[in-house]
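For reference, the chains in residue letters:
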Amino acid sequence: MPRLSADARHLVAFTLNGRPVKGLASPRILLSDFLRHEIGATGTHVGCEHGVCGACTIEVDGMLTRACLTLAVQVDGSTLRTVEGLAPAPDRLSILQAAFRRHHALQCGFCTAGILMSLDAFLRETPEPDEAQVRDLLSGHLCRCTGYTPIVRAALEAAADLRKTTRETAHA
Amino acid sequence: MKPASFGYVRADSLDEALGVLGNEGAEARVLAGGQSFMAMLNMRLARPRVIIDIMRVPALAELAQRKDELVVGAGVRQARLLAMPGLERTLPLVAQALPFTGHVQTRSRGTVCGSIAHADPSAELPLCLVALKGHVHLRAAKSRRKVAAAEFFTGMMATAKADDEMIEAVSFPVANGEGTAFREIARRHGDFAIVACAALVSDHGIRLAVGGVADTAVARDWPHLEGTALDDALNAFAYELDARDDVHASARYRRELVRRIGRSTIEEAARCRA
Amino acid sequence: MLDMPRDTADGWVGRAIERVEDAALLTGRGRYLDDLGVKPGTLHMAILRSPHPHADIIAIDTSTAQALPGVAAVLTGADIARLTTSLVVGVKAPVQCWPMAVERVRFVGEPVALVVAEDRYVAEDALDLIEVSYRSRHAVVDPLAALDEGAPLLHEGFPRNLASDRSFRYGDPEGAFARADRRVAISILYPRNSCTPIETYGLFAEYDPHEDAYDVLANFQGPFSIHAVIARALKVPGNRLRLRTPRDSGGSFGIKQGIFPYIVLGAVAARVAGAPVKWIEDRLEHLSASVCATNRATTLAAAVTADGRITALDFDQVEDCGAHLRAPEPATLYRMHGNLTGAYDIRNLAVRNRVVVTNKCPTGLNRGFGGPQVYFALERLMQRIGVELGLDPLEVIRRNLIPATAFPYRTAPGALLDSGDYRATLEAGLAAGRLDDLMARRDAARAEGRLYGIGFAAVVEPSVSNMGYIATVLTAEERRKAGPKNGAQATATIAIDPVGSVSVHVASVPQGQGHRTVLSQVVADVFGLTPADIKVNAEMDTAKDAWSIASGNYASRFAAAVAGAARLAADKLAGRLARVAAAQLNVPVDEIVFAGGKLCARDNRANALAFSRVAALSHWSPGQLPDGTAATIRETVFWTPPELTAADDEDHINSSLCHGFIFDYCGLEIDRDTGAVRIDRYVTAHDCGTILHPGMVDGQIRGGFAHALGAALLEEYAYGADGSFLTGTFADYLVPTAMEVPEPVIVHTQTPSPFTPLGAKGVGEGNCMSTPVCLANAVADALGVAEVRLPLAPSVIAALIHGAEAPAPAGARALAAPHAGGAKGEKLMRGAGKAHVRAAPEAIWSMLLDPQTLDSIIPGAHGVTRVSDTEFRADVTLGIGPVKGRYKAQVALSDLDPPNAVTLGGRVDGNLGFGGGSGRITLTPDGTGGTDLSYTYEAFVGGKVASVGGRLLDGAAKVIIGQFFAALARKAGGGGAATPGLFARLFARLLARLAALLGGRAP
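Protein chains in written order, with this note's numbering: chain A, 1 to 172; chain B, 173 to 446; chain C, 447 to 1449.
Treat the hints as calculated values from the structure; they're not laboratory data. Hints may contain errors.
Below, simulated DSS-like cross-link-like pairs (lysine-lysine); rule was C-alpha separation at most 30 Å, straight line [stated by the list, open to error]:
#1 C:1330 <-> B:333
#2 C:1334 <-> B:333
#3 C:1330 <-> B:318
#4 A:22 <-> C:1330
Negatives, chain A to chain B, calculated, CB over 12 Å [as the list claims (entries may be wrong)]:
#5 15
#6 19
#7 23
#8 30
#9 62
#10 77
#11 84
#12 85
#13 88
#14 91
#15 92
#16 162
#17 167
#18 169
#19 170
Note that CB positions come from ideal geometry on N, CA and C, so glycine has one too.
Just chain A, same shape as in the assembly (with noise of 0.2 Å):
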């Protein structure tokens, strides 16, 4: 049973987008924090602390996650996915990521990635939405710039995609 003291440091390890990472956190320190200023993984934005703006998300061992509401120490061992490990190469765009850009789905982007998170792990379960499920899944994240129709619209196109490249995959 480890017991972490308050006022030290402790090496905290996780698979982060593939990746072998590790930092030293005290207690305290948020996921949030940890991932963006200890282990320098800044796309995961930062704009509530307090669950409810939803741009913070990302997927730790397969759950959505608030970072904000999430203790470094606890994602100790665990495996964790964010915004800078959905593109498929560093030059390209996912699927979503893509539909995002064609359909003006972000302005300024500073939630996009806790809502790419979001449908990126929702299409995975729910291959074909309709568009109450998209928004009832959005409803968990802020976004002050688009009205949200974009965003509907990218998620729809880019699960018809993906089905399609399913498909694809599945006939060759």
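Using the hints provided, position chains B and C relative to the given structure of chain A.
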């Protein structure tokens, strides 16, 4: 907006968690899904000396039907319960209410028992537990007890749980042919309820539980009332709940919703039974 | 119904190309302020904020905080006042405006002290150790009440809290009212709201003591007139304040203008700490103390002919700018001054403008800036005119619209409306959005007894502010003294490097609007290149870039002004490049065309030179430039439209350069049970001049619509009557989500502006002006009511529908006295109750006066000490569930009537806030040795607990009060009731709220 300092214990077993809790008492806080507690920690509204993370205790992950009860361990996340095959038959009320609890992104982490322990009077899961006459299973290092929902919730964010106790599990009686319905009025989807109503209609009569109005979810049992008799019962109930004004709704509005939404929820439950 | 982004032109401009910004933002490679690394040794700032709306600061003890390991510096208002000068105040008055409270706090959230430490966590630890003692003053939050005689006064230099009172008269309003068939009037209260960008304020600041120079990187959005304000406050010349902005910003909507007081604090903190300082505002700070739109009380009357023609308007506006009149306020009130007659041809106008201060957060830029407040009054009035005259409200709008033949049209107060065909846009909107269908839906709904309404709004959307409009708050005489102010300098620089590739630099400080993409389109078209060939840099650096006071991102100035300036700069370079090419290709200059990456002869495209070759010539071989042709290396254009003249002596002001037009209508249904509004269809027809990028224009419309929908239905910065701030989290300040925002039907017409280089006008703010009132008009139509307030909360709407409430049934459990406070949740609470204790009144009496007893019955007390016979002090730890805080408590007993009655009063202060109250307890013997105890109480609470936990407070108070009486009963020999839980409920309603357990009036 950063937490004050605290120590952290990741319990591997229930005994370990209870041991720390027994030693630290009120200075310790159990961390499960953290969806309410962590926000309080960040705002420094809560300043525990030590946090006990119970999410890697295998024994708390139980989600199983035992006789006529569904037992939900302290480590069971809301998303897992919602995704449980057959939930709409086993616990139709919970299946109806749980989608109103937060959002996909918070249900994925938040636990069922954590919501019960938090005892927010507007939350859906405490309301379901009260409506269904469920129980809370409390454990301390050297004791265990089973508390009925109505006795567990003692006030706004206040429960019968002692400082050295933690919730091991909650149990919901499984459905037995009654009609159930759930309706919630909130400012936005996923917000805490202004008024939430859970109704059960069975051979014995009507049971209506209301959240968001009094300090806890409160239930009433009536015979099969109809028409103005039901109106009168709902009106009396509405006043008894002693609603308050807040920034989102007036007390009078809450009473009005208890009358109107209470009635439509009961009617829906009756239809569902038929 | 929503169209896909579509191409409208042959060139790049007008096409909805993918944004150059997006790939980085989609892959986590943004460069927002907090993403940028910091210099080693950078320290972190945290700010202690006032829990009080209005109080004198008696003392601040920072010694414990200073001593905390890791803390580099702690500064208070006195330090700030010593090291800076007051921020400029927007009117001439003997008033100071500090970025941190000096001697007195005037709103909840006002900075009181700052800490600089090794990290933010430690800095916040140190905040907890700063002890501030306050003496409360009465607060005032209502702008009309603030004007009352005897109202609490915020600033001695603003008698009766009035910062400005000006009256204006255009045409002959008195005559028009005297001659009018009808006078229709309306009074409205526009609430406070804010666009709350998801990225909060952030800055890095550094100080060089040898040069006495500050270097600040901040997500400031402009206008850069504020640069002068900051430099003046820091007591350095402008060239000693380098202000930079990062590439990416997480949204602003005006709000990030309001960071400037914090730039002053951060800069001073860096100077004192002797190290670079970083500060990231957190969300609680943002909601309570960044900046928000003004709330306004308006009475507006119209002189109307029998057929609905308006001949005069009479505005009486009372603008509430919060606790300080910070630059550029009172600009919110004057931004619309030239447009007060809206989209209508109204020749007579009277205006009275008053600016008041109240104990609320200071105001500033916010999307729509002044428009929502004006149009809520004006377009509600249009609807009322229709109702009162028995006319179709749409017909009232039609009859008053400025005719298409009248442009450019000079309004009565002086705006020059550049172009438009309002009637055509209106009719296009009606057709495309199928008003007839909505009418049929309304008929059908009403036939079934449902509540369905249709609302309209017609709005002129100004853009590109005249930097001189704010001076309209001054009299002509004061303006003459202050010197003329007018214009709106836009800048753009285009540079060509030695390999002939093109860069564009602008001072537009984009906040997510895609400026870089649009500029690449504009410049590509001039040079015959593709947008991908153009590299745009919109980072801002006042030490290196071309800029002026109008630089920045506000007043929807990008498309009209900045993109236009870039076009002019590109044209200048293109002219020279054409001469170079003409000489080499041996054709006349006017036959050179730019196409396909080449400069070629119009009639012989094979006779061509590569663009890069021509473009690079100035670097490699300037001697080959034709005689008289300047180099093509870099061109900076400053452009200011001549139409933006200063206010004249009769107070005519052309407050903005461009004026788009919006016509909105909607159908909505109201749920009879819940009062919830469901929007059936929302149609918004725009004319924003030439559209540069259809995707982005629609994006701006949808985004503005979502903000406006929030303001109409959900959002309000709510204050209790006593000044407590009630919406301090995103769980209480309700921003609409994807579930609440429907898709609007967007309709476009295009009337190019003759005053801008590209014909474009602003478009991003209009729906913030039109949509709230359009929805309100529909609700008024659905309910048949005259008065509609924002936000349209279901609770408020339901009160209009439900009529008298069913009475409580006879014999129902007796209720406590009605709780104080309305739907806005005023935190002042009252109540009454009864209890029974198994001890004689004398025994209870002696206990209430005994410190030892109090020590054991006050929940969480750590030692009660007696100050006098009737006064006590204690440290208490109070809490409920996981929420715990330490407080210093003072208790006083008064009006003693032993052993029959006593008033128990008290006050607590702590890190989570403060509270207090008083309770009158009456002890009556029950005849069997016990005591019946009855009580009434009044209590209040404020600070963080009220801001973030308002929803839970009542219950928390009940629990704590219950604990108090349970302990009292135990101490007195056993309670009359059973378990503590039941006991708590039984005694639930004594002194309210966290603090009030001790009861008592604040000393």
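* Any hints this thing doesn't respect? Which numbers, in order? -> 4, 8, 9, 10
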